[in-house]
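Protein sequences appear in the order of chains E and R. Take the first sequence: its position 234, counted from the start at 1, is 233 in numbering that gives the first Met the number 0, and no numbers get skipped. Take the second sequence: its position 97, counted from the start at 1, is 96 in numbering that gives the first Met the number 0, and no numbers get skipped.
These are calculated hints, taken from the structure and not from any lab test. C-beta: ideal position from N, C-alpha, C; glycine also. Among the clues, some could well be false.
Unchecked claim - Simulated pairs of lysine to aspartate or glutamate, DMTMM-like, Cα-Cα distance not exceeding 20 Å:
#1 K336/E <-> E592/R
#2 K336/E <-> D321/E
#3 K320/R <-> E425/E
#4 K585/R <-> E425/E
#5 K585/E <-> E589/R
#6 K467/E <-> E592/E
#7 K332/E <-> E425/R
#8 K332/R <-> E425/E
#9 K78/E <-> E589/E
#10 K78/R <-> D339/R
#11 K332/R <-> E589/E
#12 K332/R <-> E592/E
#13 K467/R <-> E483/R
#14 K226/E <-> D339/R
#15 K320/E <-> E589/R
#16 K332/R <-> E383/E
#17 K336/R <-> D174/E
Claimed, not checked - Computed footprint of chain R on chain E, listed as stretches where at least three residues anywhere in the stretch have a Cβ under 8 Å from a Cβ of chain R:
#18 210-216
#19 249-259
#20 454-461
#21 588-595
2 protein chains.
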Amino acid sequence: MPTYNPPLRDMQFVLHELFNVVDELKMLPAHQDIDADTINAVLEEGGKFCSQVIAPLNLSGDSEGCQLNRDTHEVQTPKGFKEAYQQYVEGGWPALSCDPAYGGQGLPFTVNQFFYEMLNSANQAWTMYPGLSHGAYECLHAHGTDDQKKLYLPKLTTGEWTGTMCLTEPHCGTDLGMLRTKAEPQADGSYKITGQKIFISAGEHDFVENIVHLVLARLPDAPQGSKGISLFIVPKFKVNADGSIGERNAIFCSGLEHKMGIHGNSTCQMTLDGAVGTLVGQPHKGLQAMFVMMNAARLGVGNQSLGLTEVAYQNAVTYAKDRLQMRALSGPKAPDKPADPIIHHPDVRKMLLTARAFAEGARMLQAYTVLQLDKAFYSDDEDEKKDAEAELALLTPIIKAFITDNGWIATSHCLQVYGGHGYIHEWGMEQFVRDARINMIYEGTNTVQSLDLLGRKVLQNNGATLKKFGKKIAEFIEEEGTNEAMQEFVNPLADIGDKVTKLTQEIGMKAFANPDEVGAAAVDYLRVVGHLTFAYFFARAAKIALAQEASGDPFYRAKLATARFYFAKLLPETATLIRTARAGLKPLMEMDEALF
Amino acid sequence: MPTYNPPLRDMQFVLHELFNVVDELKMLPAHQDIDADTINAVLEEGGKFCSQVIAPLNLSGDSEGCQLNRDTHEVQTPKGFKEAYQQYVEGGWPALSCDPAYGGQGLPFTVNQFFYEMLNSANQAWTMYPGLSHGAYECLHAHGTDDQKKLYLPKLTTGEWTGTMCLTEPHCGTDLGMLRTKAEPQADGSYKITGQKIFISAGEHDFVENIVHLVLARLPDAPQGSKGISLFIVPKFKVNADGSIGERNAIFCSGLEHKMGIHGNSTCQMTLDGAVGTLVGQPHKGLQAMFVMMNAARLGVGNQSLGLTEVAYQNAVTYAKDRLQMRALSGPKAPDKPADPIIHHPDVRKMLLTARAFAEGARMLQAYTVLQLDKAFYSDDEDEKKDAEAELALLTPIIKAFITDNGWIATSHCLQVYGGHGYIHEWGMEQFVRDARINMIYEGTNTVQSLDLLGRKVLQNNGATLKKFGKKIAEFIEEEGTNEAMQEFVNPLADIGDKVTKLTQEIGMKAFANPDEVGAAAVDYLRVVGHLTFAYFFARAAKIALAQEASGDPFYRAKLATARFYFAKLLPETATLIRTARAGLKPLMEMDEALF
């Protein structure tokens, strides 16, 4: 069975040495009292919970899966899941970054994000229960009425209740404008909602006494398409005005999906049969309201694959040090043993270092981005807020798509390190691969993310936000331009920066002639920009590591070696991506539909 | 549930138009009577069997898996598997390419390979039962004594018995030199064999009355390492001299592996407790004998991923034409429908065309290579035989690694086309991905294949075989050099050819200084050479398609479009691979083992 050690040292490096988050957070009125010790202590305690309570349930949760009782419509989660959730609630973990006005601890999102990385490493399927709940909390916090907030937020904050997001229907996922679930206004101001939802994560389970569903549906007078969708709160049990639980509402789990992975999470078909709900936000503006939740969820999905990459890496390293097989081509490395540990074989190292670099790169990108989320949410400076919002919007699709694609590659490499044993369930590696696969799909497929990045976030404002981010990179390059030791990092960084500028302009020009050129280039483009961000952060990390080299602390030697590996072996992927992006639309459209 | 349509038209193109196999095969004495009609009729009938009998059992076989009765040590296969095998035997399919001297039909390996592509598309897990059996047949045919052949080959030919290969042990797979299973000589010339084997595909099942295990074990006087391994026949039931079944032998299935995929195949732990066996070939030369089987198996594994790529592609196309979601960025393509079929979205096409090009490229490479197998086996011209053997040896690791890595990419893309539905078992796509994953591991991991290619097949003879293959490419380029319409194919082909030459020389030089440089570059190198072969075959296919363009047959338009897609969007992967291969060993070795 896999094990998990929270990577606290690297987290501290990213938080305190690379991004100096305490100083940044202290500028925000809500966080003026934050300090490094608090952050470190929370992560250390959180790490214990993840490695000791949640991680041991991952493999068994995958084997057991969830069971639906078709008579009661209740779902039984795998053994130990419910008890672990009780510990989670008792530990106050759901409240970590919630609003103190509703009982939260008010810690920065940055801290919560790092805690979630560990939860995801330990058990992605389990973590989706509180994870979805947190998304529902954020959506209601942003768009609910005072009454709705008072009724629901305290229970979501303590974790006594959990939440879901009910979007997808059998005929529409990406294209929510086509959804058919109906909401009929009632005399008392409530709505009766009827329809069929699928793929509802944590839609029904046995953790809590009530589940707060956020449901997208269409009012009778709704315009067609995505501008006619409204958002409703539909609790499993109706909630009385005093907050007590009322009668069962007509929203039921009517089936569980049989999935490739995340078996421990209940992915539900939900049937609404005149279920009573209340409107959240304005009529027909439900999709915008839901996007608060979706954007947070997209960061969360990237974080899931970061977690999986880290835990897969850790276990593959252990195996590679332990497993004896063949001699190194350059001669025995462990002459006292019948064969060399496979970590001495160059390609095994390449697979391990790929996973390591993807994890460390993702951790830096996540931290940088979620710090913008803290600024966007908490800053009292309008300019800073706007800048942070724009950068957050730019980086969110990159986090979702780049990190999850990398996670798929990395977990598969880590499986491969195990040889045939990697294919066997008991070793746990194949589960990481299966779990990682969903992250490329849900909360907007990675193709949708790439269209969001290139079409909306870059081309729609003539690349202004990207240029702003690029300016930070240019300043760093300028600063380090005379530092000889940094040339190996700064030169390729400058090169990829120039190439991104040129590629962006080229696609922008082509898109004038045919907007489908955006669709043809977007996926490659997103990965190129993803590499630009990784190259930037690895160069910054290398600068610190070089400065600390004399300390003799092996952490910095490892950081330098990982950065060098990244520049030598991973960044060159951009050579292909730029070529295929430039090859454009024609090779994709030449074949008639009928000839496929 | 997925469906499968045998791609007979493309098979005929590859066989008859591209490689003109009938003329080639007619030169071989054993096949002088072969004709296209026979080949086409066999494939058409075989295709029906695959799509109508085997394919419908794929999804259910995955759900049910195999069950071991721990008291009887018998394994129950999924519902319908056994009956399908009976039909397979009744149809005479096991005998297709077997030696007429033992009851076989004596058809070329080329025909059998195409038939197996269809079996693999239909149901990889089921196909492994007869597939392993065929490997055992070939090994015994090459290395068995006359008595052994008479006793076993007729039953393996009819399919009344099946075979296995028992190599792996818990502590060794790649490094078989470490294996511990012991064989003790008995007074009657037989051996008593004791040990523990794992990962034995089709090791125990309910299809047949007897299973012929080929077991690697160590004699008492065996030298250490891989030069002390001998090969034995160990039947499940002892076989009397007259061919009748005797008493149960002491080889038992002691456990079934829980795997990521190929659930319908029984992957067994086998315990030998003084099981009686007879020696095959010379003492201590078992590994060489087994390599006959392994090389055939490696072609077979490439063929498995070709089959999966084809069937995943077919189903993803159907879904992409049917599923309505969003409008094309360039405006509605199906204005009468609520949204456009997703096949109009450029990135969906890119995913589909990637799978299509990988399937068509693999089919060409497989056909070309297995034709060399026919020549190597059947030619009466010693020079032709040697050339064919060398080319077969060169291309086998490319087929194994390149096609299976591509199959992983392609099946994952096809899953992605389905969005969230791709993650759901009932659609069948996630099974293709899970099944495809093992192909990168078994019969020698893809890293082992790349070391075999670069270290043994290329550098050990100073690239002589590769140069010979390169000469064919150069001749084709020369021929087409003045054909303007072919420039778009021939120029990039010439370019990648030059780059392979240069890269091979560079790595060869570096390997003098440090043999580990081979291990650092091998995986990237294999993919570059794989692309060289695909580029060559797609260019040749394009030449034919261009010549036939005037015919108006849409098949040739599609072939041209696929070739163009390949050159524009897939071949550029070499830009990255060459860079990372050249980056060499240093970035992999900089980190101390302890720092991982």
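These are the hints, each one checked on the structure:
Restraint check for K336/E and E592/R: the C-alpha separation of about 16 Å stays at or below 20 Å, so the hint holds. Distance hint between K336/E and D321/E is fulfilled; the C-alpha atoms sit about 11 Å from each other, no more than 20 Å. Using a Cα cut-off of 20 Å, the hinted pair K320/R and E425/E is violated, with the two alpha carbons roughly 39 Å apart. Taken as a hint, the K585/R and E425/E pair is broken in the structure, with Cα atoms around 35 Å apart against an allowance of 20 Å.
Only pairs whose Cα atoms come within 20 Å are accepted, and K585/E paired with E589/R is rejected, the gap being roughly 43 Å. Straight-line distance between C-alpha atoms of K467/E and E592/E comes to about 41 Å, which puts the hinted pair past the 20 Å bound. Taking the CA atoms of K332/E and E425/R, the gap is near 48 Å; set against the 20 Å cutoff, the hint is violated. For the hint pairing K332/R with E425/E, the CA-to-CA distance comes to about 48 Å; that exceeds 20 Å, so the pair is violated.
Between K78/E and E589/E, the direct Cα distance comes to roughly 53 Å. Violation of the 20 Å bound is thereby established for this hinted pair. This hinted pair does not check out: K78/R and D339/R have alpha carbons roughly 40 Å apart, beyond 20 Å. Restraint check: the Cα-Cα separation between K332/R and E589/E comes to about 15 Å, which is no more than 20 Å; the hinted pair holds. Using a Cα cut-off of 20 Å, the hinted pair K332/R and E592/E holds, with the two alpha carbons roughly 11 Å apart.
With a C-alpha separation of about 26 Å, the suggested pairing of K467/R with E483/R is violated against the 20 Å cut-off. With a C-alpha separation of about 18 Å, the suggested pair K226/E and D339/R falls inside the 20 Å cut-off, and the hint holds. Taken as a hint, the K320/E and E589/R pair is honoured in the structure, with Cα atoms around 16 Å apart against an allowance of 20 Å. Among the hinted pairs, K332/R with E383/E is inconsistent with the structure: their alpha-carbon atoms are about 43 Å apart, more than 20 Å.
Proximity of K336/R to D174/E is assessed by CA-CA distance (about 13 Å); at most 20 Å being required, the pair is judged to hold. Check on the segment 210-216 of chain E: 0 of its residues sit with their Cβ under 8 Å from a Cβ of chain R, so the three-residue criterion for coverage is violated. With 4 residues having a beta carbon nearer than 8 Å to a beta carbon of chain R, the segment 249-259 of chain E meets the requirement of three or more and the stated coverage holds. Figure legend: the segment 454-461 of chain E, annotated as covered by chain R; annotation inconsistent (1 residues with Cβ-Cβ distances under 8 Å, at least 3 required).
Only residues whose beta carbon comes within less than 8 Å of a beta carbon in chain R count, and the segment 588-595 of chain E has 8; three or more means the coverage holds.
The structure fails to meet hints 3, 4, 5, 6, 7, 8, 9, 10, 13, 16, 18 and 20 from the earlier list, while all remaining hints are met.
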